[in-house]
Amino acid sequence: YMGIQYFAMEAGLFMVTKTTLCGARCGKVYGSIKTPNYLSWTKKGGIPGISAKHYGHLNLPLFHFSYADIASMEDILKSYKDFQSKKQTPEEMKKLRLLSEYTSTPKGTISYLSFGDVQEAKIVASGKDEALEVVCNKYKNRITALSYTQFVKLASPHLYVTPSEIISADMGKKRRIRASKQSLRYVEECIKHKKDIDCTSSSLIAPIFLSGDEPLLCPQLKKLASLKELDGYLYCGLSAMKYEEKEKTIQDIHTALNNKEKLRIYQGAGDPVDVIFGILNGVDLFECSFPFKLAEGKIAMNVESLFSYDSKTLSKESYQSIKEMVNSREIKYIDFNEKDNEGIQTPIQASCECFTCKNHTRGYIHHLVQCDEINWQMLLTIHNIQAYEVLFQAMRKAVEIDKFPEFAHEFLTTQCQSKTEQRNYLTTVSYTHLRAHETLRYLVCRLLLEKKK
Amino acid sequence: INAEYIGIIYIMKRKEQEGEEEEKANIPVKKLKEEEVKIESVIPTVIIDRSAEMEKSLSYKILKTFNHARAGELILNHGTVLTPVYMPVGTKGAMKALTTEDMESMGCQIHLANTYHLDLRPGPKKMNEYGGIHKFMNWKRNILTDSGGFQMVSLNELMEINEHGVKFKSILDGTTINLAPEDSIHVQNQIGADIIMQLDDVVHSLTTGPRVEEAAKRTIRWLDRCIAAHKRPAQQALFGIVQGGLNKELRDYCLIEMAKRKLPGYAIGGLSGGEAKEIFWKVVAQCTAKLPADKPRYLMGVGYPEDIVICSLLGCDMFDCVFATRTARFGCAFTRNGSIKLKKSDNRVIFEPIEPTCACHVCKTYTRSMLHELMKGNPVALHLISYHNVYYLLNLMKTLRDAILEGRVKEYVDSFINDYYKFKESIPEWIKGALEYAGIVLTTDKPFKGTQFFTLCQKKKKKKKKKKKKKQK
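Residue numbers (our numbering), protein chains in the order written: chain A, 5 to 457; chain B, 297 to 769.
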């Protein structure tokens, strides 16, 4: 679907192509990838469960790599760079996106490096020696803004997020303010180092931690707004907030940052209902692992994007009901943990054109789940990605023709159901399956990690 | 050292070794009580000639031969299978970590499924409702179902056997399942595979004593019952399975009786269970020499690359083994020079594919370094290595077949063996014996393990190491 590997930086990172009264907008990243769009989550450089052969069937323009995953690969990337330098000319080496090349992502895709999925990130030391102590599974390292920028120059992703301390909603105000100030310092230093070491081929994204304390964080937001070298912002912490707070917060942030021309990325929004909220509030990209996590939990999306684009304009009441529905509804899905699927000889979704729905029935996938054959994860991942992509295409089209509120209303009423109970994608497993010493601490009982006396 | 002297020592040593190996093979693994060996009142069977009906299910043509090796075409209901062929194993109605599209793209023409497991889940009724296993899996090419006989060995603790059939304990809920030959055939009829196997009485290859004879004779009686119970002889080719352990006379007995039944095809069972290779290949050679030449021969449970090449040269046409996908899940991948362990840290900085000469999409897209990293947390690694391994074995059989058709088998085997053992000290002795029988003499400088020449080389190496250490000190 795309032929070129190297994007011309002259095209600029992001361009708004359409704005609407409801707040939704369309744009293009690097002149070709349309927004709103989503960033495909990866594990160790590949999409979980499906190979590069399947990328061709699925339209995956944006790949999301997390620092936690690839931090331990720094020495490998250095060796790989030496290896490539023997094969390519110096000019080609300057343009080479090393991380994309190493992980065999398709030509024409954009790589995005986030600082998410890190287990712990704490500030250690202060002043000139300030560093972040980062823990990602077994990997532990101290990084500074300079060392991080050097890593980014090595990996050369198209977009990258600056590092920051991990902040959670239950932390005190002082701690959150301190973390926010640290984050701003790292942004400024990264901008400086980016120029010094000539890391201009990658675009810098600043994280913004939202928790309802925005008045306290105003000085940081004003400073961020003044930094013209920033190419975009990553909104973190929105998912944990209530709807009314979310909407007010995000609008205040837009105003404070005055960032209409910058790329806006929403961290942790995956459910199409959250995506609708984000699009209505002017977000362009969604950093999420929703279709993949759903597949890991043996759940398939069951939504059809059959939208009547010539529908009538929404009334005020209907428009307001969108807000209530975003708060109280979730997409329809099929849970293959349940026995209802046994013997069903129809596909997950009749109108879906993915490999799974064209070739296999619900009954067969249920059989694979029952027999614990790994193929179920491949098939469900392929289906969920396809369904997600088709949904985004429909949403983009609705924004382009200025019918997004109508689309949202129809989608929320026909393709969603009431939130019955919180869906838990995590399932219990045995100790040996868990590999407790390699699993994040908040998922495994600490007693299992203690050594036997 | 005088060459004649070496030759004499070699002959003496070889005889000693053969004697040792025979002794080892005769070491009883299982001591049976007399009660277990009592042969119960047998259910007498009659040879029913259904060869006319069964002929319609399968057609086999030999295109070219090289001594015992054959290149042929096996025409079944769902297409043609070119032999010799490797059949990947999809026990529970799915290839592990490979979709049907993957199997088609790598040129797989036939694969396996297992009756025991499909009987438990989803069950023959549901399979019938689906319209058979082809529609259930959405696989348009051929399928072979094993009868469930091997589970007698693999699930030994959950099994009881008598003349009527086998009693299994279900691995799911512990309920007792009775599997008589008629039941196995009935289930396989409903599953709808293109080739079905008789229910045979399988014993571990290292078992000796009266139990082996009991199993061999009972297999023939069960074959007659399977033939009588077979309701779709024109659509599904029924293969008999030659048993007899490592006993030549029992094998001969089975071979003669099998030939009388005029089946569409024959399988060689009861091997690949830990017996010495020297004995293994001789049993295979014995069976292929006496099985009907115009029928396909299926060697069950054999799947290491060197084994399937050698056994093809001995006259086998079809092979199956879970090794390709199972070893992939542990990070082992096949190459021309033997298997490699991708989990080893050496692979972190190797930016070449698993096998540079391999044309599979994994080798075209991924480096060893990337696969090493993916093994650390991404389930796609299992898919990729499984794909490569199965592709490798399918391609190995295809290239051997091409060599038979083009009359360059010696060069092919020479090249294969020298590459496969390139980084090893020696070539196994049994390969030399098997190749000599197949009419091939290797042109190689590499010694064969177990020869006098090999032990002399080992001694020289040790001396060199000692000298080096002394110098270092």
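Hints are supplied without guarantee of correctness; some may be wrong.
Unchecked claim - List time: in silico DSS-like cross-link candidates among lysine-lysine, alpha-carbon distance up to 30 Å: (1) A:Lys343 - B:Lys660; (2) B:Lys436 - A:Lys57; (3) B:Lys637 - A:Lys85; (4) B:Lys544 - B:Lys527; (5) B:Lys639 - A:Lys144; (6) B:Lys745 - B:Lys766.
Treat the hints as calculated values from the structure; they're not laboratory data.
Now the hints, each set against the structure:
1. The straight-line distance between the Cα atoms of A:Lys343 and B:Lys660 is roughly 40 Å, outside the 30 Å bound, and the hint therefore fails.
2. Taken as a hint, the B:Lys436 and A:Lys57 pair is honoured in the structure, with Cα atoms around 21 Å apart against an allowance of 30 Å.
3. Between B:Lys637 and A:Lys85, the direct Cα distance comes to roughly 24 Å. Compliance with the 30 Å bound is thereby established for this hinted pair.
4. This hinted pair does not check out: B:Lys544 and B:Lys527 have alpha carbons roughly 34 Å apart, beyond 30 Å.
5. Using a Cα cut-off of 30 Å, the hinted pair B:Lys639 and A:Lys144 holds, with the two alpha carbons roughly 21 Å apart.
6. Annotation: proposed proximity of B:Lys745 to B:Lys766 holds, straight-line Cα distance about 29 Å (limit 30 Å).
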